Each structure stands twice: as C-alpha cells, then as structure tokens.
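*Asks:* Residues per chain are reported as follows:
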Amino acid sequence: MSDHQATADDVRRTGIERYRHRLRTTALRSGPVLGTIRFLKRRKRLLTVTQAGLGIAWMVLFLLAPLLYVLALSFWQRGAGGVVVQEFTLANYQEILLQNVAIFGLELNNLYLIILWQSLKIGLMTTALTLVLGYIPGYFLGRTQSRFRTVLLLLVILPFWVPLIIRYYAWILVLGNQGMATSLLGVFGIQSGGFLYSELAVVTGLVQVLLPFMILPIYNSVNKIDDEYVESAKTMGASPLRAFYEVTLPLSLPGVSAGSILVFILAVGSFMAPALLGGPGQTMVANLISQTFGQSFDWPLASAMAIVYLVVLFALITVFNRFVGLEEVFGE
Amino acid sequence: MRTLLSESQRWQAIKGASGLLYLFLLLPLIVVVLISFTPTQYPQFPPEGFSLTWYAEFFTSDRLLDALWNSLLVAAGSAIVAGVVGMISALGFVRREFEYKNVLSSLLFLPMLISPVVIGVALTAFLTSVGMEKNYLLLVIGHSTLVLPYVFVTVRAQLFGFDRSMEEAARTMGANELETFFEVTLPTIMPGIGAGMLLAFVISFGEFTATQFWVQPDTITAPIEIYTMVRTSLTPEINAMATILMVITVGIPLALDVLLGKNLILKSA
Chain A
171 MSDHQATADD VRRTGIERYR HRLRTTALRS GPVLGTIRFL KRRKRLLTVT
221 QAGLGIAWMV LFLLAPLLYV LALSFWQRGA GGVVVQEFTL ANYQEILLQN
271 VAIFGLELNN LYLIILWQSL KIGLMTTALT LVLGYIPGYF LGRTQSRFRT
321 VLLLLVILPF WVPLIIRYYA WILVLGNQGM ATSLLGVFGI QSGGFLYSEL
371 AVVTGLVQVL LPFMILPIYN SVNKIDDEYV ESAKTMGASP LRAFYEVTLP
421 LSLPGVSAGS ILVFILAVGS FMAPALLGGP GQTMVANLIS QTFGQSFDWP
471 LASAMAIVYL VVLFALITVF NRFVGLEEVF GE
Chain B
2 MRTLLSESQR WQAIKGASGL LYLFLLLPLI VVVLISFTPT QYPQFPPEGF
52 SLTWYAEFFT SDRLLDALWN SLLVAAGSAI VAGVVGMISA LGFVRREFEY
102 KNVLSSLLFL PMLISPVVIG VALTAFLTSV GMEKNYLLLV IGHSTLVLPY
152 VFVTVRAQLF GFDRSMEEAA RTMGANELET FFEVTLPTIM PGIGAGMLLA
202 FVISFGEFTA TQFWVQPDTI TAPIEIYTMV RTSLTPEINA MATILMVITV
252 GIPLALDVLL GKNLILKSA
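Chains as they are written, first to last, in the numbering used here: chain A, 171 to 502; chain B, 2 to 270.
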C-alpha cells in the first residue's frame, strides 16, 4: 500500500519537475532570448562591460562621486546658518593643518592634527595587541587535529555577526562603574569606580572587536604550512622552538601582515569605540568629522578633515602595499 | 637548545591561552544576555533574580518594534541588491579579461577600508545635493555599497573553485548559454551567493556608524535606537533588545546552517 502511494507521489513529482523544466526550456529558448544571446555573443566586449561594469558603476556612482563631491566641498565656504557657499577657498585646509602650528617652536595646539595623531596611535596600539593576542589562537587553530576545529573556527566568526554596537555596549557592562570588572575586583576587596571613558577601555573594545580579523588570516596561513616542513626541520636537529622560528613563523607572515593592515585601518577609522567607551580625551578622527558635519553643520570643514584623513590613509596603504601587497588581504 | 617546557606542555600552554582568548571574545556577549533577564532598573552584574520585564517592555514599545522592522526591511533590501550586483560583477571579474582588472577590483573593496563615517557623510552630502530625500531608498543604496565587498569576495571565491567542464558538458549536450547558466552555473555557485547575501543581511542589519547620517525620524533602525538609549538612559531594556537582535543575526543563521548542513557561515569567513 505504502509502496503504491510512494510510486504515485513519485509520478506526480516527476510530472511537476518535467512541467517546470519545459516551462524553463521554452522561456530560455524563446525567440527574443536567443536573439539576445546571439547579439551578446557577437559583442563579447559588451557582455564584459555589463558584468564587471555593474559593480564598477555602482561604486563610481555611490562611492567615488560622493567622495569627489566631498573634495569639492572642502574647497568651498561655509555661509551663515550652515549654508554652503560655492566659492573657492583654502581656509578649511588652513584651519585644520596650519592653525596653531609652529613646527620649529615645537608648539602644536592644532586640534585636528592632535586628534589625527591620536587615532594613528590608538590604531598602532590596537594592532600590536591584536597581533600578540591573535597569533596564539590563530596558530592553535592552524595546527590542532581536534575534531572540534570547525566549531572552534565558528566561535571566532560568530562575534563578527553580532551588531558592532552591541559588542561595544557589552564592554560598558563589563567595565562600567557597576560592571562585571568592578564586582569581580570587589570580591578581592579592591575598590574601583570602573574603567570606562579611558584609553584602556577604547583599546580593549577595539582589540576584542577586531581580533577575528587577525585570527582568521593567521589561521589560514598556518593551516597551509605542510607538516612535513616542520617535521623535517626537527629531524635535522632543530629544536621545536627553532623549528617554529625558522619555518612556521616566516611561512605565517602573509597572514600576519594581512591581519595587521586590516586591523590597523579599521581601528584608525573607528567611530563607535571612542564614542561609547572613550572620554573627551579619546576623540578620534571619525568622531571629529561626525561632530563637525552633524552638530556644527560645517560641511566644508568636515569635508576637508575627511580628505586629509583619506590622503593619510591611502599614503599608509601604499607604503604597506610596497611590502606586502593588498592581494594578501582579499585573496586573489 | 634546552628549553624550559616539553613540547606537549608547550602545546597545553597554547591551548590554555587560546581558551582564555575565546573567553575574552565571547564573555562580554554572554554578560549582555544574562543582564537582559535582570528585574532591576539598572544593568548590573551579577543580575539579581530573573524576570522577563525588559522583554515585555520591548515588545510593547511601538518605537522599538518600528526600528526593528525598519532594520529588517533595509537589511533584506540591501542583501538582495548587493547579492545581484555582487554576483554579476564577480562573474565578470573572474571570467573575463580586461585592462586594469586589479585596480578596478580594489574599487569594489574600497568600502571596507574607508571609515564608515566618511562614507556616511559623503553619500549624504552628495545625494542631498542632487535633491534626494533621506528615505528607505537612501538606506538601501548606502547599505548595499557598504556590504557589496563581502558578497563580491564570497562569490568570487566560489567561482575560483568552479569546474568549467560542467558548463562545457551542458553546452555540448545542446543547452544554450542562458540554460547553462540557470541549470548548471547558478546552482553550483548558489552556496557562495547565499553565504554572501547572509553576511550582507547581517552587516546591514547591525550597521550604525554610517547609518546615523542617513536616517530620518521615520526610518530609524534598531542599532540607532540602541545607541540613543545607551547615550541617554542606560536600562536593561537595551539588553533585551540586543539579545533579540543577536537571535536574529546569530541564532537564526546558525540554526539554518545546522539544519540544512550547508556550512554557509564558514564559507562567509
């Protein structure tokens, strides 16, 4: 009985399948479709342009054009009430680069430059810490034979899926004045008013959020290393430590550099870490641009700040690129 | 060379240190979830008692539910737009030859490198100057731009591993180009597209930094509400909302992944 039913079901299913297939075939073989295919085949170039061109056009329209507009804005003036006056001026750049700067007297009171420097400094600190901390699990995941490796990898990726705002907010609960850190220290009789609104809090948040960007590329390059290299180094008399320094470490450098560049770039441009975990002393360049644009409504000045940030960023990327090649970051 | 620790001891140390780092990665998020069940007015650790008060608050707040709905809409829209644009351009970049390919492909990665504040400011300034309103369309355009690199890179990775003899076989057996694409190519690269779109959805859903420049009072998204609450009144309602958002971005994809056995999450890495 059940066998019989199964066969009937099968027949019905194959019937539907066949119908669907015929529908698809007729549609895909209809005159206009075939005509279009012939047309595109004759103009291979056009197909190339429409395929890759779609992504390029999107970025030109919604990223490059806006950035060019910002470049134009940075040379315009701010009128009364935040209105933009389209008249050429260098005043915006003068304000953020030259005001209160006396290099030879070593006097630097320029707000923008101080904050830009601070962003680079926090970026470097974050990168160094992330590298030291991220190498260990990256190496572990690359070498382990554990059957839980997939799960362990998943646990590195998953925080990536949690909205950033929640990941930074979590640190308010850990480091705040009634937070977990304070309660834990209280158990040992140590009083503290929390650790928020400090450089420590900002860097801690950044390191935790950016760690997966370091762990994953390091894992990838360690995982690619053939076990036999390490083993033969040991057979030839190298101690395990020496085998690590001479074989594993150099071969994992592509992952190290890819992770470091990415973490540095993302840390320098961070808005949320200083906004939620830092005090006024930890303002970074993204926060300053945001304030100038959204609260002071000085679009031309904010644009000049954005342009200088972009120039510094791309200068640094170019320097990195000399040594490593960004293809490492995105895979080729 | 004499060393202090034996090889197996050293491995145990690496294991232990990795364990601690996992704690560092995951513990703060567990704290968020735990505190969402506190009955107290202020988020404190350890939570005292258990209650669902803050979830009740959340589900009776029209403001927060609207924000959640807006986030879902924008994330779904951006995942679809970025999925289509990302798939088609990945096909073009992997399968066709043209000049300046490297430079042009780095253009597609640019949104990952530039601070979202700058992207947010630039798109706002540019689109308002051509007379566009701050509406859903602006949000979908902006978010699609931000997530396009992720779709592009996952689909591209899938295409690199693609065996083109499958397509040739279909062509020899009489299928035309479009049939080959829909019957052979698309089903094969579908996991990559799915992983990319899932990632696009998740990133768009949680995006705050650029979004703050793109919203109007009626298009406010969930992350914006969380930020406002964190800045104004620190209550465990934030934790309840955060937990619900994490169920949406982590719980549901993870459950689907396990149930369907497709490993989309690992593919997205």
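There may be inaccurate statements among the hints.
[Claimed, not checked] DSS-like mimics (lysine-lysine), calculated; alpha carbons at most 27 Å apart, straight line:
id, chain 1, residue 1, chain 2, residue 2
1, A, K211, B, K102
2, A, K394, B, K16
3, A, K394, A, K404
4, A, K404, B, K102
5, B, K102, A, K214
[Unchecked claim] Sample of chain A residues facing chain B (criterion: CB under 8 Å; computed from the structure):
id, residue
6, V240
7, F258
8, T259
9, I459
[As the list claims (entries may be wrong)] Distance windows between CB atoms, simulated:
id, chain 1, residue 1, chain 2, residue 2, range
10, A, K214, B, G262, 38 to 44 Å
11, A, A261, B, M133, 24 to 30 Å
12, A, G356, B, R11, 34 to 40 Å
13, A, V482, B, L257, 38 to 44 Å
Calculated from the structure, these hints are not laboratory results.
The model shown is predicted, which means the values in this text are computed figures rather than measured ones.
Ideal Cβ placement from N, Cα and C applies to all residues, glycine included.
*Asks:* Compare the structure with each hint and give your call.
*Replies:* Each hint, compared with the structure:
no.	hint	in the structure
1	A:K211 with B:K102	holds, 21 Å
2	A:K394 with B:K16	holds, 20 Å
3	A:K394 with A:K404	holds, 18 Å
4	A:K404 with B:K102	violated, 43 Å
5	B:K102 with A:K214	holds, 17 Å
6	V240	holds, 5 Å
7	F258	violated, 17 Å
8	T259	violated, 17 Å
9	I459	holds, 5 Å
10	A:K214 with B:G262: 38 to 44 Å	holds, 39 Å
11	A:A261 with B:M133: 24 to 30 Å	holds, 28 Å
12	A:G356 with B:R11: 34 to 40 Å	holds, 36 Å
13	A:V482 with B:L257: 38 to 44 Å	holds, 42 Å
Violation of the numbered hints given earlier is confined to hints 4, 7, 8; the remaining hints are satisfied by the structure.
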